[in-house]
Each structure stands twice: as structure tokens, then as C-alpha cells.
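Peer 1: Listed below, chain by chain, are the residues.
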Amino acid sequence: MNINIRKIQGFVSQNAIYIVLAVLVIGIAIYNPNFIGINTFRDILVQSSTRVIIALGVAFILITGGTDLSAGRMVGLTAVISASMLQVEDYPRRFFPDLQHLPLLVPILIAIVVGLIFGMINGIIVSKLKVPPFIATLGTMVAIYGINSLYFDTDPNQSQPIGGLRDDFTRIGSGSIGSGDFKIPFIVLIAIAVSIIVWVLFNKTRLGKNMYAIGGNEQAARVSGINVTKYLIIIYSIAGALYGLAGVLEAARTGGATNNYGNMYELDAIAACVVGGVSTTGGIGTVPGVMAGVLIFTVINYGLTFIGVGPYWQLIIKGAIIVAAVAFDMRKYASKK
Amino acid sequence: MSEQQYALEMIGISKEFPGVKALDGVTLQVRPGTVHALMGENGAGKSTLMKCLFGIYKQDDGEIKINGEKVEINNSSDALRHRVSMIHQELHPVPFRNVMENIWLGRFPMMGWGPIKFVNHKKMYKDTEDLFKQLDIDLSPDTLVGKLSVSKIQSIEIAKAVSFNSQIIVMDEPTSSLTGVEVEHLFRIINDLKKRGVSIIYISHKMEEILRISDDVTIMRDGKKIGTWPASELTTDLIISKMVGRDLTQRFPDRFNVPNGVILKVEGLTSPEPKSFKDVSFELRKGEILGIGGLVGAQRTELVEALFGLRAISSGSVSINGKEVRITSPEDAKKHGLALLTEERRTTGIFPVLSVHENGAIANMKRYVTPYFLLNEKRKKEEVNKMVEKLRTKTPTPKTLIMNLSGGNQQKVLLARWLLTDPDILLLDEPTRGIDVGAKYEIYTLIADLAKQGKSIIMISSEMPELLGMSDRVMVMSEGRLTGILDGAQATEEEVMRLAAQH
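Residue numbers (the working numbering), protein chains in the order written: chain A, 410 to 746; chain B, 7 to 509.
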């Protein structure tokens, strides 16, 4: 009997995040059964898509024992860059009035590469200049916003919201495949594909193993012959590329961009990661955990609105969940001593 | 005898954790003004017993008496109130604050008017000075603690315990990082404390020390008390056999390695740092165990870390198999067939939150990368688990987190990590530090086997019997210089000590 209780306790503490998610969904559904429906789930998944991609980028860095405050501003920068090159030709206020019709992939790749380069800069500052990640990315966060605003303010745009995006571009954000009720949005498919790729990177490659090792004990990693500097730069670069992709998707989804896009997204991403079991001291974290973390926040957002809980109350509940999740996690490790 | 007053009595202490009986009716009686050694292998229950004394754990059964009176200790401030304190093996001072603030932390002398109070630095300085004078500690109260040696920090901790007017002081492996001279100083302080009627519970693995310093010895095994004896009735072999529960006929395994041919040649190796190693030249033969002896500060660790590419070299050369090599990173070192088992297992060895399997595989990941960048998980599992098993590592499963293993088993996983890279030269820095007697013997056997297979081994050791018992040749360093190379079979402790203290 005793053993059974212990088994249940173990199961609960190992799977707490998924149980919380299920309880939330069930609770909201009991309150308002209309919540259960294909449309609701699709909306939740669509809203979670870019967040998952950003959160996975942040997870890379948290697992190495670092942190990334610049994620949100990178999303903003790459949203503006991609949008600026993908406006329809007869739009009256084009960012580049004389720009020719570019193949869709070109601006998208440019945005992703810009994200990658800024990620790499973060990585170099952290690993070569030995600036603590919190400070390094605080600096780049501020600077990237400046760069974005300068770009956004150039003639003839002069800080006007970028609109009039091409259909082939916005379709990435709003289109779907399938027919009738069974339509899967492209953006959800992209997020799932990215999650699978990141899962493979985490679990099946040398990069992933070294990432967990660096976060678990950086000195031991160095002694084991891991080129810590090189791997940190690669990891920050990958994270940057993911923010770049997320920025592109944000622009496509909303059909526009301004320099304020992505503001504070990094905090949502960090919150989703820690709620999903990523340790802020490094070495611990899984892709399904991060996905569940993101979903929890979207469900709170969407579900509580659905049953009429006001936005201010939602913030209080979100805050409480962040603290409770980490407190629960700490207890798990403290009891091991 | 029946009415003898003990300073501390822990009677019939039992403590059970899920699945393990950590303590089974253990009784410990400490006489006033004596040194009472507490011995046992890792996992015997010594630290659990001490944790019950300090209220970190609550015993399931049994009682604690101080000076014959039953007491209830629930936390460390209760313990201090009952005048019980502990000097931990790993000291955690506040590094950016000075000596006196570390001592009086939490109870600074205050001055002021009514509710407005300030820290009285002058009184604190004076009190600290007085305390140091009593204990013959030569240290200025306003030195930054971060700059001090382990030994100095330890004397601060002892001073702190004395300042609490402690009657019982527990010392956990107090000499594990002290030099010979510093050990003598510690023993002087201990003798002084004894004279003031303070009782000391002394936890250590070092037999020679125990026999020298203690009055009584209590030995534990598997959570049970084996017995208490006057130290004068014990010998090293007796203690070991009681601890291990079987007779140890020898402390070191027979070695059948045959050294031949030079594999590593080091000439005039000098560090760019002024106080580090200077002009060190030696040769290591294939299949040889070369011990490096010396005191703390002899720069032995720095030397092997430089060989492994972790530290810079300003001049001198290193040749492997007759070819000069330049090793500037651990990656280079691995390529040249070197492996390094570091001294600080916890800070530079293990990845605490990763599994035994991942800890074993990490230095050898390259080997398992397939053409598509993915890892050959199956091959990795097979090879790592086989090596971990071959070293007879005790772990519930390969997926267990390494932090849940004992020190000896962690060390075996680290050894497995490096053996998987198939090194020719193993640099072992204090390979048995903090490991219990039974596991030590197993590590010795592994080292002897490796040498027999033709692996060349450089072993730094601060334990004299280990150094002399395991090495084919003993190289002694003093203050960064090589002072002599002795034949292992003929070298004596005196000779090694003389060379170690030369500079």
C-alpha cells in the first residue's frame, strides 16, 4: 500500500506540469463545456506556435546555465526586417519603394541570419569576454531595440507601422492545410517541426550532450575536452536563429510589424521554460516540458478569457504559477539531499 | 565507572530513510576533554549520526544527553546554545568579507543609542585579536577571507567555534587539504582545546592521524556501531579490519607491471606564473606508475594541468613517443592520448544532475557521432555501461544521477570516462581523496591493472603510504621545483619528507 502511494507521488512529481495542464483544461471545460472544441484547440495552438519557438531558443541558453534577455527584441528586429522586404508592390508607403519582387524565401532567410548573427554576438560576449549572460544580453537587448528603431525610422518609413504585406507571406501565418473542420494551420506545423528538430538536437546529438554538460558543470566540461567557448557560441547562434524565425512568423501572422514587436517576449519565454521544468541554474530541461510550459500560459490566457476572468486576474494567476512551479521544483531537489 | 559523566552521549540512535536503515541503535559516548575519533567507511552512517546531533535529521529513536542532561536539538542554533559546533570538511566562508566579520557573523557587537545601533568594529577587532592570541593564530582580523589558504580559513572556523564557548567540536576530515606543517599547528590547537576541557569528535580516514591524536575510537559499519576502544589498543590494520568487516591482509595490491621505454619526456617545463612550477624535467616510461609527492603548494596539480593543456607554459618542452608536442587545450591532450582525473571531483569532475551513463560518455562523444550528426545511442550505451560495470561501479541503474552515488563510485565513473577514450597516459590527481578504505583498494587494483596493460600513469598523492605503496618511482616537488626522484620500492617517508620540504 505504502509503495503504491510512493509510486503515485513519484509519478505526480515527475509529471506535475502535464497534470497541471490537464487539470486546467478540464477545470475550464467543466465551467464552460463549449471550451472543448476543435476551434478552441486550434486557436490555442496557433497562439502558442511562435511562443514555443522563442521558448525553445531560450531553453537552449538556460540549459547551458545562461539566460537571454534579448530574445524579445530580436523577435522585433527580425519581424521588422522581414516585413520591410515583403510588402506588395502597389502599397503606398513601401519601406523600400523601389524594391523588386523577391522570392519569398530570401527575406525570410535574411531575417533568420540576422537573428543568428546577433545570437552569435551574445555567445561571443558571454564565452570570450566572460560577461555574465544576464548582463551581456541586457546590453544587447537595449542595443538591438536601438538598432531596430533606427532601421524602422529610416526614410521614407519614418517609424510608420509596416503594413501591406504580400499574400504569399501572410498565408504562412494564417493559412492551413486540410479542409472543413480538420484544418491544420501552417504555423502550427512549423512549430511542431521546429520542436522535433530541437528535440533531436537536445537528445540525439553531440551538441545536445555537450549543452547539458556545460550547464551541469562548466569546469568539468572543459576538463573533459569539450570546447566550451565554441559550443556556447553555436548554442547562442541557434537560439538567435530561432528568434529570427519567430520574428518572421509574428510578422506573417499579424500582417505587419513595428519596432515594438516582441517587447517582453523573453520574459514569457523564460517563464514558460521554468514552469516546464528547465532549471535556471543549468543542466536540466526537456522539449516536451517547454512545450507544456508554453501551453499552460496560452491556456490560462485563452481559457480564462473564455470563462470571463479579467486580464488583471490572469496576470496574478500567471505570476503565482511561475513562483509555485519553481518552488515545487526546488522542493524536489532539496529533498534529495 | 558506572557513574562516569560524559560530555556527550548519543544513546541508541536509529534513523531510517525510505528503504535504508541508516542508523541502527548507535551509541556514542564522548568523555570531557578528549579527542574521540569516529571512523567508518563512507556510508557507514557517520555523517547521518552527526546530522542527528545537529538537528538536520530527527532521529526515529534514541536520545541525546549533554553533561548527563537530555537535550532536544532541532537546528544549528539549538546546537550552538548547547555549546556544540562543527568544523565542516568543506568550508564556506563569506569570501569578500574580512576575517572578523566571518567570525562574528550574525552576532556583531553593537553600540549606539536606544533603538539606533551600529556595528562596533573596534570591539570586534579587539575580541578577534584576543581570540587569536589564545589560540596562537597568526592572522590580522581585517584580512579578506577570500585571499586566505584553506588552513587559515579552518583556523578561523575553529576560532569561531571557540568564540561560541563550544564544549563539543566536531571536525569532519579537518586535515584533508592541509600541509604537514599546518597539520601540526592544528594538532597543537586541538591539544590546547583538550586542556580547556573541550571534547572533540574527530572524523577522518587517515589512520596515522587518528592513532596519534585521539584518545578513544568509535568504529561504525553499515549504520551500526562496531565498538569503542582506547586508541592505544588499536593499530592501523585492526581499525581497517573492523571498518571493512574482514581482515585486510594488505593495503595495496601486488603489481605486475613492467615499465619499459620512455613514452613521455618533459624538459625544463616552466609556468609563466612566478610562484608556479619551474624548470621541471622528468621521463615517464610505458607501463610505469610515477608518483608525485610533495606538500600543498608544491605545484603538483598545476604541473599536470599544464601537461593537460589547462594551464599555460612559458618555456620547456613535452615529447610523447619521441615527438615534441604542443598541448594547449584538453582537446589537444585527448588527441595525444592523455587523460586527467582531477583532484576536485565535485567542482571539475562530475556533472551532478546528469546520469551515470552520460557522465561516463561525455569525454568520448566524438566516437559515437554518425555521419548524419546523430549519436549512435546503442553503441554508446553498450560501451559505457560495459566499462562502468567492468570497474565494478555500484549504481542502481546507469540512469541514476551521479550525485546520488558515493564518492568512490563517482570516482570509478570518472575513471571509466577516461578509459573509454583509450588513453596511453593517465594523470591521476589524488585519485583516492575522500574515498573510503574498501573502495580505495579497488581503485588501487584498477591502477595496477592499467599499468600492467601498458598504460603509463602519473599519480599525485598526499598520502604517504599510498605514494610509496603504489609507485614504481616517486618524484618529489617542493615549491614548484623538482627536488628528487626516488625508487618506489626503496624510498622511505623520511626521504620524501626531506625532499618535499627542501625549498
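These are calculated hints, taken from the structure and not from any lab test. Please note: incorrect hints may appear among the correct ones.
As the list claims (entries may be wrong) - Label pairs and their in silico Cβ distance ranges: (1) A/G664 x B/V375: 55 to 63 Å; (2) B/P402 x A/A431: 53 to 61 Å; (3) A/I606 x B/T242: 44 to 52 Å; (4) A/A733 x B/L150: 53 to 61 Å.
Said to hold, decoys possible - Derived list of chain B stretches under chain A, where covered just means 3 residues or more per stretch with a C-beta under 8 Å from a C-beta of chain A: (5) 192-198; (6) 207-216; (7) 347-355.
What the hints assert, rightly or not - 30 Å max Cα-Cα, derived BS3-like pairs, lysine-lysine: (8) A/K416 x B/K27; (9) B/K158 x B/K284; (10) A/K639 x B/K212; (11) A/K537 x B/K341; (12) B/K405 x A/K539; (13) B/K292 x B/K458; (14) A/K416 x B/K139; (15) B/K139 x B/K153; (16) A/K592 x A/K537; (17) B/K132 x B/K153; (18) B/K57 x B/K271; (19) B/K158 x A/K416; (20) A/K613 x B/K27; (21) A/K613 x B/K64.
None of the values given here were measured: they were computed from a predicted structure. A virtual CB, placed ideally from N, CA and C, is assigned to each residue, including glycine.
Peer 1: Please go over all the hints and tell whether each is borne out by the structure.
Peer 2: So, going through the hints one by one against the coordinates:
{"no.": "1", "hint": "A/G664 x B/V375: 55 to 63 Å", "in the structure": "43 Å, violated"}
{"no.": "2", "hint": "B/P402 x A/A431: 53 to 61 Å", "in the structure": "30 Å, violated"}
{"no.": "3", "hint": "A/I606 x B/T242: 44 to 52 Å", "in the structure": "60 Å, violated"}
{"no.": "4", "hint": "A/A733 x B/L150: 53 to 61 Å", "in the structure": "40 Å, violated"}
{"no.": "5", "hint": "192-198", "in the structure": "violated (count 0)"}
{"no.": "6", "hint": "207-216", "in the structure": "violated (count 0)"}
{"no.": "7", "hint": "347-355", "in the structure": "holds (count 4)"}
{"no.": "8", "hint": "A/K416 x B/K27", "in the structure": "20 Å, holds"}
{"no.": "9", "hint": "B/K158 x B/K284", "in the structure": "26 Å, holds"}
{"no.": "10", "hint": "A/K639 x B/K212", "in the structure": "43 Å, violated"}
{"no.": "11", "hint": "A/K537 x B/K341", "in the structure": "24 Å, holds"}
{"no.": "12", "hint": "B/K405 x A/K539", "in the structure": "33 Å, violated"}
{"no.": "13", "hint": "B/K292 x B/K458", "in the structure": "10 Å, holds"}
{"no.": "14", "hint": "A/K416 x B/K139", "in the structure": "58 Å, violated"}
{"no.": "15", "hint": "B/K139 x B/K153", "in the structure": "21 Å, holds"}
{"no.": "16", "hint": "A/K592 x A/K537", "in the structure": "47 Å, violated"}
{"no.": "17", "hint": "B/K132 x B/K153", "in the structure": "22 Å, holds"}
{"no.": "18", "hint": "B/K57 x B/K271", "in the structure": "49 Å, violated"}
{"no.": "19", "hint": "B/K158 x A/K416", "in the structure": "48 Å, violated"}
{"no.": "20", "hint": "A/K613 x B/K27", "in the structure": "40 Å, violated"}
{"no.": "21", "hint": "A/K613 x B/K64", "in the structure": "44 Å, violated"}
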